[in-house]
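**Q** Okay, here's what each chain looks like letter by letter:
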Amino acid sequence: MRFVLILATAILLGPIAAPAQTNNAPAQPRTIPGIPLQDPDAGDSLLDRLDRLWEGTKGLFSMTATINATSQMRGGRQEDNDFRWLMNIAGYKLKEIESTVGLIPGLGLNFAVARELTEADRDYVERELERHARRNPGPISAIQRSIVYGVLEASDLGKYGIEKVEIDLLPLPKVKILMTPVDAPLSLETSRVLRAIERLNSNINSLMPRQRGTQLPLWIPEDAFVPVSAPDARRL
Amino acid sequence: MIVPETTAPLVITQRLISQCKVLAFSAAMALSVFGAQTTQAQTRTEREGLWILASGSTSHVTRELIEGFSTSHQLPARPRLDVLPTPQALEAFCSGVGGATPDIFVTSRRATPAAKEYCRARGVTEVVELQIGIGSLVLAAKNGDPLNTLSSEEVWRALGAEVVRGEEFVPNRARLWREVSPALPNSEIRLVTAAGGSSRAYFEDLVLQSGCRHNPTIRLIFEAGYRRSKCVTMRQDGRIVERRVEDIPGEILRAPAGTIGTVTLSQVRASGGTLVPIKLDEVVPTNATIASLDYLPTFNIFLYAKRQHSRAVGGVGVVRGIREFSAFAVSEQVVGPEGRLATNTGVVSLPPDDRVKQRRAAASQTILTR
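Chains as they are written, first to last, in our numbering: chain A, 1 to 236; chain B, 1001 to 1370.
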């Protein structure tokens, strides 16, 4: 059956091609009916738009920025437009990236306090933000700077300390700064540990007068330890 | 004088008018005198002269401002200047409102939110912030010294009391610059710096801390005070020579090769080419690199003025001249590229747009909000 079809096609095409080979007439453009090209895929579906939004939003905060040799500047400074770097010099380190895949995707960055700032560090951050403003005048950079400024100012409130900075990029941009009082009540576990340390200290100090003039013994007396119940031990 | 009867009423009217004019003039005079007395009463002040505070780093700038202001204005009394460390100066400035408290504070540190809150809590609610210019710290060596370029990290590794080996701090035993980095000359490490005060503080904050800030081991230290001590504690083996600020250039010139010193840009210029600025972190300190913030060891100079002191309440003000001093401090003749501060103190001018902004803020006495 297939052979018959091929033969029939050859017979049908043969007379068309033959004159071009036998005659020396000028070559005519061949008009071979081809398969029409398809229209480009519509890129405006909801998923495409969400995908673009996702990528664009990630780009706002240079999440995918990699540290390479060319981006290294003097003093270990990275590219100025790296939001993570600005947060880093402000004393906050990227701790978690929360990513949710779904109809409405979610994306968030969690920064945790990495170190306290000295006065010079604070001045340095302000200078870098000033430099950043001169070199990156766009609105996205301004948003980045305002976040860092906000964090910097919030960390200057003496009675409170910043524990965490959560930046949600999707579905709606949001910055959440978790502040706790400096004299906040301690958790059960922490206060137990602190009490145990205090008791240990007082026990050691009570031993001191008896051994005046001698060095502190390297051993720790048994009564310095506070008996801990099994559940407490598990918690500790 | 004979007056025809027909014209008599007219003449009388004219006389009346002229009498009225005299009366009006007299009344105007009386009012003006009274008004002047009233104005005089309104401008009665608690103090005759301005009271200005300056931090150590800005004392020379403030002196220059006072000098210029005193020569260009008729003042009932010369401004009083108190030089204090920044925290004490801020405390004094924010201690309250009235004749017993200072009017103006010149500093190189911008007021933090906590400082603003401190001021507000003590009734100092209307403060005008003006940026005067940019100061800088320069490392210099004598002309012809092969040591002409350094990074702030190399400075820290050469001069710090301890250096990082692996993840531990060990005493710094480096003798030669080449031991710090193979690209540096084979000369002895030596630094001439100020014994204390602002110059020393700037060297610690802007060069030493900058040099150690990005070190991975240093970055692991959470506590600011401990981290700072690791960065700014300098070696005690005789390689750090302490002198008065004005004696540092001479000491550098007398010292052997490899000696660097902490000076100002104006001191380098005044040396007539015998001192050369060291390229720090690949940037030569010039007016252009300082203004563009490419050169890192720089600091802004701010002026804070109490607007509440320039207003009279119940006919009594605190002092005259706050508005005039503010306007003078940011005028082109003072902070311009050829201005008094640039010429005499080495302060680098802000970009033109920023200078205009500061002048507007001074003219309108814009209150600090952020």
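Don't take every hint at face value.
Some chain B residues judged to face chain A by a derived CB distance under 7 Å, without partners named [to be verified]:
no.	residue
1	ALA1114
2	GLN1209
3	SER1229
4	ARG1244
Here are a few chain A residues that sit away from chain B, every Cβ distance over 10 Å (derived from the structure) [to be verified]:
no.	residue
5	ILE89
6	LEU117
7	ARG122
8	PRO139
9	MET208
Simulated from the structure, these hints should not be mistaken for laboratory data. Here a beta-carbon is modelled for each residue, glycine too, at the ideal position from N, C-alpha and C.
**Q** Is the nearest Cβ of chain B still more than 10 Å from the Cβ of ILE89 of chain A?
**A** violated (8 Å)
**Q** Does ARG122 of chain A sit more than 10 Å from chain B, CB to CB?
**A** Nearest chain B Cβ is 7 Å from ARG122 of chain A, so the label is violated.
**Q** Find the nearest Cβ of chain B to the Cβ of LEU117 of chain A and say whether that gap is larger than 10 Å.
**A** violated (6 Å)
**Q** For the hint on ARG1244 of chain B, does the least C-beta distance to chain A fall short of 7 Å?
**A** Violated, because the Cβ-Cβ distance from ARG1244 of chain B to chain A comes to roughly 24 Å (cut-off 7 Å).
**Q** Measuring from the C-beta of ALA1114 of chain B to each C-beta in chain A, is the shortest one below 7 Å?
**A** holds (5 Å)
**Q** A closest beta-carbon separation below 7 Å is what the hint needs, so does GLN1209 of chain B meet it against chain A?
**A** Constraint on GLN1209 of chain B satisfied, holds at 4 Å.
**Q** Quick check on SER1229 of chain B please, does its C-beta sit within 7 Å of some C-beta on chain A?
**A** violated (10 Å)
**Q** For PRO139 of chain A, is the shortest beta carbon distance to chain B beyond 10 Å?
**A** PRO139 of chain A clear of chain B: closest Cβ-Cβ about 19 Å, beyond 10 Å.
**Q** Could you let me know if the closest chain B CB is still more than 10 Å away from the CB of MET208 of chain A?
**A** holds (27 Å)
Checked against the numbered hints given earlier, this structure breaks hints 3, 4, 5, 6, 7; the rest are met.
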